[in-house]
Amino acid sequence: MELKMQRNLCGCHHPYARVDLVWASTIGDDDSGSERTLLVDRHISLRAHESDVSAAEHELKVMCYLAGVQLEQGYTQHRHLVRLHGHFQHQGTLHVLTEYCHHGTLMMLMEVDSALHQMRQPRLPHFADVNALRSCTTQICTGVAHLHRHGVAHLDLAIENIFIDEEGVFKVGDFRFAKYVSTFNKPSGLSQPLRDAYAAPETHFGFEIDLLKADAWSVGVILFMLWTRQIPFEETTHDDPKFVALRVAGLRAFLHQLNSAKHPYVVPEDVLLVLEGFLSCDPKDRKTVIESLELHPWLCGDHDRIAPAPDSTSASTAADPAPVSSPIEQFSV
Numbered sequence: 001m002e003l004k005m006q007r008n009l010c011g012c013h014h015p016y017a018r019v020d021l022v023w024a025s026t027i028g029d030d031d032s033g034s035e036r037t038l039l040v041d042r043h044i045s046l047r048a049h050e051s052d053v054s055a056a057e058h059e060l061k062v063m064c065y066l067a068g069v070q071l072e073q074g075y076t077q078h079r080h081l082v083r084l085h086g087h088f089q090h091q092g093t094l095h096v097l098t099e100y101c102h103h104g105t106l107m108m109l110m111e112v113d114s115a116l117h118q119m120r121q122p123r124l125p126h127f128a129d130v131n132a133l134r135s136c137t138t139q140i141c142t143g144v145a146h147l148h149r150h151g152v153a154h155l156d157l158a159i160e161n162i163f164i165d166e167e168g169v170f171k172v173g174d175f176r177f178a179k180y181v182s183t184f185n186k187p188s189g190l191s192q193p194l195r196d197a198y199a200a201p202e203t204h205f206g207f208e209i210d211l212l213k214a215d216a217w218s219v220g221v222i223l224f225m226l227w228t229r230q231i232p233f234e235e236t237t238h239d240d241p242k243f244v245a246l247r248v249a250g251l252r253a254f255l256h257q258l259n260s261a262k263h264p265y266v267v268p269e270d271v272l273l274v275l276e277g278f279l280s281c282d283p284k285d286r287k288t289v290i291e292s293l294e295l296h297p298w299l300c301g302d303h304d305r306i307a308p309a310p311d312s313t314s315a316s317t318a319a320d321p322a323p324v325s326s327p328i329e330q331f332s333v
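Going by UniProt numbering, the sequence shown opens with residue 1, and the numbers climb by one from there.
Treat the hints with caution; some may be incorrect.
No farther apart than 27 Å at their CA atoms in a straight line, the calculated lysine-lysine pairs in the DSSO-like style are these [said to hold, decoys possible]:
no.: 1; residue 1: 186; residue 2: 284
no.: 2; residue 1: 179; residue 2: 284
no.: 3; residue 1: 284; residue 2: 242
Simulated DEER-style distance windows between Cβ atoms [stated by the list, open to error]:
no.: 4; residue 1: 229; residue 2: 285; range: 35 to 45 Å
no.: 5; residue 1: 55; residue 2: 7; range: 20 to 30 Å
no.: 6; residue 1: 111; residue 2: 270; range: 19 to 29 Å
Source of the hints: derived by calculation from the structure; they are not laboratory data. Even glycine gets a Cβ: it sits at the ideal position worked out from N, Cα and C.
Modelling step: build the complete structure from the supplied sequences, incorporating the hints.
Structural data, given as structure tokens:
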């Protein structure tokens with residue numbers, strides 16, 4: 001494979017790390033000519049700070065694990081996760097090649113769509129109507145559910161980490177902070193929430209918690225923003241009056257308070273049911289992403305259905321398993 005840089009994507013020239021868009025050329029076995037594919041090349045010098053190198057290596061291991069799971073089952077990599085194309089070390093630099101998502105992030109698309117709406121221009125097709133928004137919702141949930149079914153909590157779910165490819169397929173990406181909790185979903189500690197606006201309430205206390213349900217809360221925040229174009233709160237503590245309003249009054253009353261003549265929106269009943277499941281302040285009452293896909297026909301529809309979650313994914317009902325090493329750490333990079 002031959003790589004040719006097209007442009008820098010990170011907007012900077014860091015001495016140790018950068019992100020480039022590259023053309024990857026491969027020669028066919030029959031010498032019929034080369035095929036070129038646009039890929040993202042994330043590379044970091046192994047001389048960079050140890051924590052930065054460790055984070056890059058950890059993300060690569062997570063992606064190798066997820067890609068390996070699919071290959072073992074006879075499938076290609078999951079269409080709703082950013083796909084790994086390869087990795088290598090060259091002259092003391094680690095290169096990780098992933099697919100290029102032409103439309104950028106969900107945050108970028110929402111900003112463009114909001115600008116079009118303010119100018120009374122047609123909205124982007126991804127957000128044109130209820131069916132389009134439903135498809136976005138389903139794709140995001142399906143990608144996260146795939147992670148959870150294989151024992152991986154993302155822990156940094158946000159509109160900045162949902163990517164959209166050239167065909168309009170939504171993909172979960174950026175696995176730097178992902179953690180293996182096993183298919184038994186062992187409660188785990190979290191030193192601090194990564195993004196206050198997306199953090200589940202229980203992440204602030206430093207206890208061992210259900211990280212998959214913490215992810216579910218973050219998905220709820222993403223979907224709330226997708227359907228209302230508003231950030232529900234700045235942080236999930238009693239210092240935030242909006243969060244207090246949600247906790248005291250419930251989601252429906254909270255939405256009614258946020259709605260206004262200046263920023264009107266209509267959230268369908270099916271969406272309200274999904275949001276209520278994700279944005280339950282008590283994690284014991286919160287639905288997991290897998291449960292929501294199973295419970296809500298509207299959410300799953302006729303495509304992207306997943307098999308029922310195995311009993312072992314429930315920490316509350318499964319027998320306490322023996323400690324197991326993370327398969328993620330078994331990959332060497």
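Checked hints:
no.	hint	result
1	186 to 284	holds, 15 Å
2	179 to 284	holds, 21 Å
3	284 to 242	holds, 22 Å
4	229 to 285: 35 to 45 Å	violated, 27 Å
5	55 to 7: 20 to 30 Å	holds, 24 Å
6	111 to 270: 19 to 29 Å	holds, 26 Å
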